[in-house]
Amino acid sequence: MRLKVIWSALRLVLLFLVVLGLGYNLLIVAIGQAAFSGQANGSMVKYNGRVVGSRLIGQQFTSARFFEGRPSATSPPYNAASSAASNYGPTNPALLQEIRTNLATVLKENPGVKATQVPPGLVESSASGLDPDISPAAAYLQVPRVAKANHLPVGTVRNLVAQHVSGRFLGIYGAPYVNVLELNLALLKLAKR
Amino acid sequence: MTWQGIVQIFVLLAVVTAVGYFLSKYMYNALEGGRTFMDRVLGPCERGVYRLCGIDPTVEMHWTRYVFVLLAVNVAGFVVLMVLLALQPVLTIFNPAHMHQVPFWVNLNTSISFMTNTNWQNYSGETTLSYLSQMWLTVQQFLSPVTGICLFLAVVRGFSRHNANTIGNFWRDFVRTLLWVSIPLAVIGAIVLLALGSPENLHAYTVVRTLQGHKQVIAQGPVASMTSIMQLGDNGGGFFNMNAAQPFAGPNAASIFFQLILGFSVPVACVFLFGKMVKTLRQAYPIFASMAILFVIGAIAMYHFEAAGNPALAAHGIHLAASHNMEGKDSRFGIGTTSLFENSTTAVSWGSVIASNDSLTPIGGLVPLFNMMTGEVIFGSWGVGMVGMIAYAVLALFLAGLMVGRTPEYLGKKIESFEVKMAVLTMIVPSLVILILAALSVALKAGTSGIFNPGPHGLSEVLYAFSSGVGNNGSAFGGLNSASPWYSATVGLAMLLGRFPMYIPLVAMGASLAKKQRIPESAGTFPTHGPLFTGLLTGTVVVVGALIFFPALALGPFAEQFAAHAGKLFGG
Numbered sequence: 001m002r003l004k005v006i007w008s009a010l011r012l013v014l015l016f017l018v019v020l021g022l023g024y025n026l027l028i029v030a031i032g033q034a035a036f037s038g039q040a041n042g043s044m045v046k047y048n049g050r051v052v053g054s055r056l057i058g059q060q061f062t063s064a065r066f067f068e069g070r071p072s073a074t075s076p077p078y079n080a081a082s083s084a085a086s087n088y089g090p091t092n093p094a095l096l097q098e099i100r101t102n103l104a105t106v107l108k109e110n111p112g113v114k115a116t117q118v119p120p121g122l123v124e125s126s127a128s129g130l131d132p133d134i135s136p137a138a139a140y141l142q143v144p145r146v147a148k149a150n151h152l153p154v155g156t157v158r159n160l161v162a163q164h165v166s167g168r169f170l171g172i173y174g175a176p177y178v179n180v181l182e183l184n185l186a187l188l189k190l191a192k193r
Numbered sequence: 001m002t003w004q005g006i007v008q009i010f011v012l013l014a015v016v017t018a019v020g021y022f023l024s025k026y027m028y029n030a031l032e033g034g035r036t037f038m039d040r041v042l043g044p045c046e047r048g049v050y051r052l053c054g055i056d057p058t059v060e061m062h063w064t065r066y067v068f069v070l071l072a073v074n075v076a077g078f079v080v081l082m083v084l085l086a087l088q089p090v091l092t093i094f095n096p097a098h099m100h101q102v103p104f105w106v107n108l109n110t111s112i113s114f115m116t117n118t119n120w121q122n123y124s125g126e127t128t129l130s131y132l133s134q135m136w137l138t139v140q141q142f143l144s145p146v147t148g149i150c151l152f153l154a155v156v157r158g159f160s161r162h163n164a165n166t167i168g169n170f171w172r173d174f175v176r177t178l179l180w181v182s183i184p185l186a187v188i189g190a191i192v193l194l195a196l197g198s199p200e201n202l203h204a205y206t207v208v209r210t211l212q213g214h215k216q217v218i219a220q221g222p223v224a225s226m227t228s229i230m231q232l233g234d235n236g237g238g239f240f241n242m243n244a245a246q247p248f249a250g251p252n253a254a255s256i257f258f259q260l261i262l263g264f265s266v267p268v269a270c271v272f273l274f275g276k277m278v279k280t281l282r283q284a285y286p287i288f289a290s291m292a293i294l295f296v297i298g299a300i301a302m303y304h305f306e307a308a309g310n311p312a313l314a315a316h317g318i319h320l321a322a323s324h325n326m327e328g329k330d331s332r333f334g335i336g337t338t339s340l341f342e343n344s345t346t347a348v349s350w351g352s353v354i355a356s357n358d359s360l361t362p363i364g365g366l367v368p369l370f371n372m373m374t375g376e377v378i379f380g381s382w383g384v385g386m387v388g389m390i391a392y393a394v395l396a397l398f399l400a401g402l403m404v405g406r407t408p409e410y411l412g413k414k415i416e417s418f419e420v421k422m423a424v425l426t427m428i429v430p431s432l433v434i435l436i437l438a439a440l441s442v443a444l445k446a447g448t449s450g451i452f453n454p455g456p457h458g459l460s461e462v463l464y465a466f467s468s469g470v471g472n473n474g475s476a477f478g479g480l481n482s483a484s485p486w487y488s489a490t491v492g493l494a495m496l497l498g499r500f501p502m503y504i505p506l507v508a509m510g511a512s513l514a515k516k517q518r519i520p521e522s523a524g525t526f527p528t529h530g531p532l533f534t535g536l537l538t539g540t541v542v543v544v545g546a547l548i549f550f551p552a553l554a555l556g557p558f559a560e561q562f563a564a565h566a567g568k569l570f571g572g
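For the protein sequence lines, the chains are A and B, in the order given.
Heads up: the first sequence at position 135 corresponds to 135 in the numbering used here, and the numbers run straight through without jumps.
Heads up: the second sequence at position 102 corresponds to 102 in the numbering used here, and the numbers run straight through without jumps.
A portion of the hints provided could be inaccurate.
Subject to a maximum C-alpha distance of 25 Å in a straight line, what follows is the list of computed BS3-like cross-link-like pairs (lysine-lysine) [stated by the list, open to error]: (1) Lys414(B) x Lys279(B); (2) Lys516(B) x Lys421(B); (3) Lys148(A) x Lys108(A); (4) Lys189(A) x Lys215(B); (5) Lys192(A) x Lys215(B); (6) Lys515(B) x Lys414(B); (7) Lys414(B) x Lys516(B); (8) Lys215(B) x Lys46(A); (9) Lys279(B) x Lys25(B).
Keep in mind that the hints were calculated from the coordinates and are not lab data.
None of the values given here were measured: they were computed from a predicted structure.
Same shape as in the complex, but just chain B:
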């Protein structure tokens, strides 16, 4: 480990905190009725969208209607994407590499994946998709994170409104987030990524004769535009099979630093936006602190284990100039920045990678797995990371209330049995999905035949796949044959369950809170703005969220770490 490797974690955290703080002011004005400097340009565009789509943005919606419209937009996006991908052989423009039919299972899985903000890639971009198909994917990369913001607004309005039956207008929330936040930031992001080295063209793949005389076909395309929205929207679906590790998508450390900032910006802003919406910014601080603590611990743990390297090498008498693990990593990023990015990819839930996660050391690979198993609340994706953390906060206060025998309150709202039930659902969904689907996969031939690495690492591959699916993350232990019908279908199911059954109950919780009166703070109120609450919240995330997976993790990454130390290899 080097001092640079540690300092970069805190520098990043400081930069994204500043970016997120300023962005939250802008988002608050754009979404909750203020004015922004973009209004003059975007106002007419907004009205145009409403007119073209026949939308009335002024009606206040009951939560059931809000959710119905949300589902309608998602299903429409899914169906349209699936049809367009199926038509790839017919739509011959922007297809210089002559890509053919997308297999049905791959299409189904990909369409679910891009609707749910997962961007799990069971295809490899440069050998499966035409430039036009990649462009259709970017549309969902814009729309799916915006859905996350709508879920966030719906839940947080439960705390900011009183005696209210409605939670806002979905169309207005959706269109304004898209126009005011997504599009301008994506355009700026793409221009910066271009300047830092990513290509953006529609040419056929370039054929060159290398310095040594080999023929090399160099895949390119509209890379910068897709990489920008992939990072900004915490999507993670990249242009290439190896995602941002492919040097065109991740040309240098400067580009990766910028991509880190892009990925963090809106999730961090959501934490402050929550504070602004409930009219007490300091309510956001303990939540921010919890997220930051879990993030820093994960980043340092992963960096430590990757720098220490694979214990199996020394056990087998292979002693190199250094012990750090470079399998599946690129030189320009080194161990420190690679670990920082790979920890962030499941903390902030963007799912893009600059390394092969399957080749991480056992505990190095446990870190991103753990982040996903918490429900992706360490900042998390657009809106939903913060919403997941609110569910944990409700649960933490419920637990604290049990200890003293008092009905808990949060932000002036009484937390009663309905709210707790809804919050608990968001803990149950991921654990059920991950454990049941992983158990089936290691019990059935269809599942085991898709495992690449033998031994405990194979179990980690399977656990990672379903955690990534249900967490709507999208990164993978890439050895797993995710394009097989079994994994296409089951991971597809996990992605659906991890999106709608996970967050819709929280909208219902928000609606129930919005109906309630505001009760004044009393001496018995548990203060939710201090370090005590930070500790309680962090503990709840670790204990309630992730401890349920401990037996599975013991058989996977932990068993492998001990085996590696003893020099035990599996299979072969």
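Same shape as in the complex, but just chain A:
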């Protein structure tokens, strides 16, 4: 009687291994590929006919002519094959060291900006290390530098940022943000003209 129960339990697990493990997952793959091919294949973005990344996955920008994203704790930064956070606790000296170093870089790259104008997101590393977005304040802060490097009027670049601000979902969920890759792509198009 007990053996029969164990045998039934094993058959149940094996049956659902096929039905759920393969059936369910492959059904969703089929639905995704058929009905939502953009999202299902990673929301890739093209520039000049070449795939340059995913709009959902942050990438590293260090050149002065691009808007920069958030500090990333992956190794190397923005490693999209191995997401990671810094895991620094609030009283870990490494956290304060990280913030000081990042702050110094931001202040050096953006002359005229004071520490009290820098939003925390620009000097504190993100959850996934792949944050594709920055806060609107973090984008506006970079406008003078980016405008100068691209020989564009400050007002034009500021307008560009304003056009790329996304709001909260239902007005309450999440926070307003700017997608860095999309902003930089728009910037490239503007600079080319």
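Since chain A is already given, all that's left is putting chain B on it; use the hints.
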């Protein structure tokens, strides 16, 4: 703090209450002998499953037999998963990234983790597991929450049945929950998540040249399907190392709002289902109120401390444009929604995260820790959250009975010494496991060498690991080296103890209650449907459930909060 950040908590609560209420009607019909609109499609499937597995779904089971079958299904799932993960190098289909052997300790810990509905991840998905192995994990993500519902049904039938020796048929409860609830909801969930941006493919990782000319390898895979059942089943084991913070699993606030609803739906339904099963829906209201009160307090407390930020920065002369803590958080979620999700992850016990909990402020991190230490009864996981709350209710009535010197009754059943003993066990198991294993870990080199953050935060890391293990939660203070043999083994043990020794005594309690006669309500009966009972229950959860941990919490999060204010740093 912003008004949006506060309003979103109450909007979520209203939405999930409505969803849970309607779902409970459907579940009641599906599980307790009614009819549903899905019967025509699922009836034949159900009979097919019974035939293929050689099951008789009609025999009524004594509780010992019910538990034996439950354990058999769990052990079978565990063994099969462990074998399949060990075979990863041999099973080469759906392995485009060429993942190799899963280390033994990681495999053992992961298999226990996914059997017990914990989904503690001591591996990082995108660098350890093939797509096929991830698919095997989703099987347990379906089966383990269903086990929770079976435990729930077994306990609640103790109140709904009278003079009965049996508590139902495990096979029938299991298969019907799986077919009627899990599978249809997971498929709908996955399609919505796809539409909101999560990928679902079997390609090799995409290699791109970024706008600035760097090479970037973008990990993908069947993400939407796994994320759906991870949230729906309150599993929490995600596709990626950073779980739902990885933008493919949590692409935007809309997707996270939907994932919140998925995670809440069945646990909230279980509260109403309890009311329906005992034939008085209003008995569910005080329990629902207790859970909602504790949930809202936690959500607001965490939001407040994360918005106020890390006091150590100001103490060290770092003054930025705002004080809120963005370390380990992503921009699109912001402070409010991140806090709401991270509070829910241990309240509803799903364990998936959209932030790095290790980088929360001391008190911000205390909130999820506290939620787990209550035994995960603030809605909790499928079935078992509600079962844990029933144990608290029994205890609360026992305490009230002591005050007036009267044998307590609950829902027409006399609560006697056996029932109280079984209920007390569910308080003792987590406290013993967390405190003893954490004490060993900070005393032994094997334990301390795995701690990442120095000082009191290191103790919080260890406390969090064992609370998460025994609470079958799965979220972590991620700095801890959980893949080391010490933590793989001890957290694995905590997960086992927090599942079976925690809930099986309550099945025994239910069986003992089912045998009893129903006694009519009298003037001396403590009313269990009003605000007085809500207060008593909430107080019992806080005082009995969590106060035992106060000394440990004083040395961890509280000490760190004071230190941070004083600008004291540790180590380095």
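Against the structure, the hints come out as follows:
Note on Lys414(B) and Lys279(B): the hinted pairing holds, with a Cα-Cα distance of about 18 Å set against a maximum of 25 Å. Distance check on the hinted pair: Lys516(B) and Lys421(B) sit about 17 Å apart at the alpha-carbon level, within 25 Å; holds. With a C-alpha separation of about 15 Å, the suggested pairing of Lys148(A) with Lys108(A) holds against the 25 Å cut-off. Only pairs whose Cα atoms come within 25 Å are accepted, and Lys189(A) paired with Lys215(B) is accepted, the gap being roughly 22 Å.
About 24 Å separates the Cα atoms of Lys192(A) and Lys215(B), which keeps this hinted pair within 25 Å; it holds. Among the hinted pairs, Lys515(B) with Lys414(B) is consistent with the structure: their alpha-carbon atoms are about 11 Å apart, no more than 25 Å. Between Lys414(B) and Lys516(B) the alpha-carbon distance is near 8 Å, which keeps this suggested pair within the 25 Å criterion. Using a Cα cut-off of 25 Å, the hinted pair Lys215(B) and Lys46(A) holds, with the two alpha carbons roughly 15 Å apart.
As the CA atoms of Lys279(B) and Lys25(B) are separated by approximately 13 Å, the hinted pair is consistent with the 25 Å bound.
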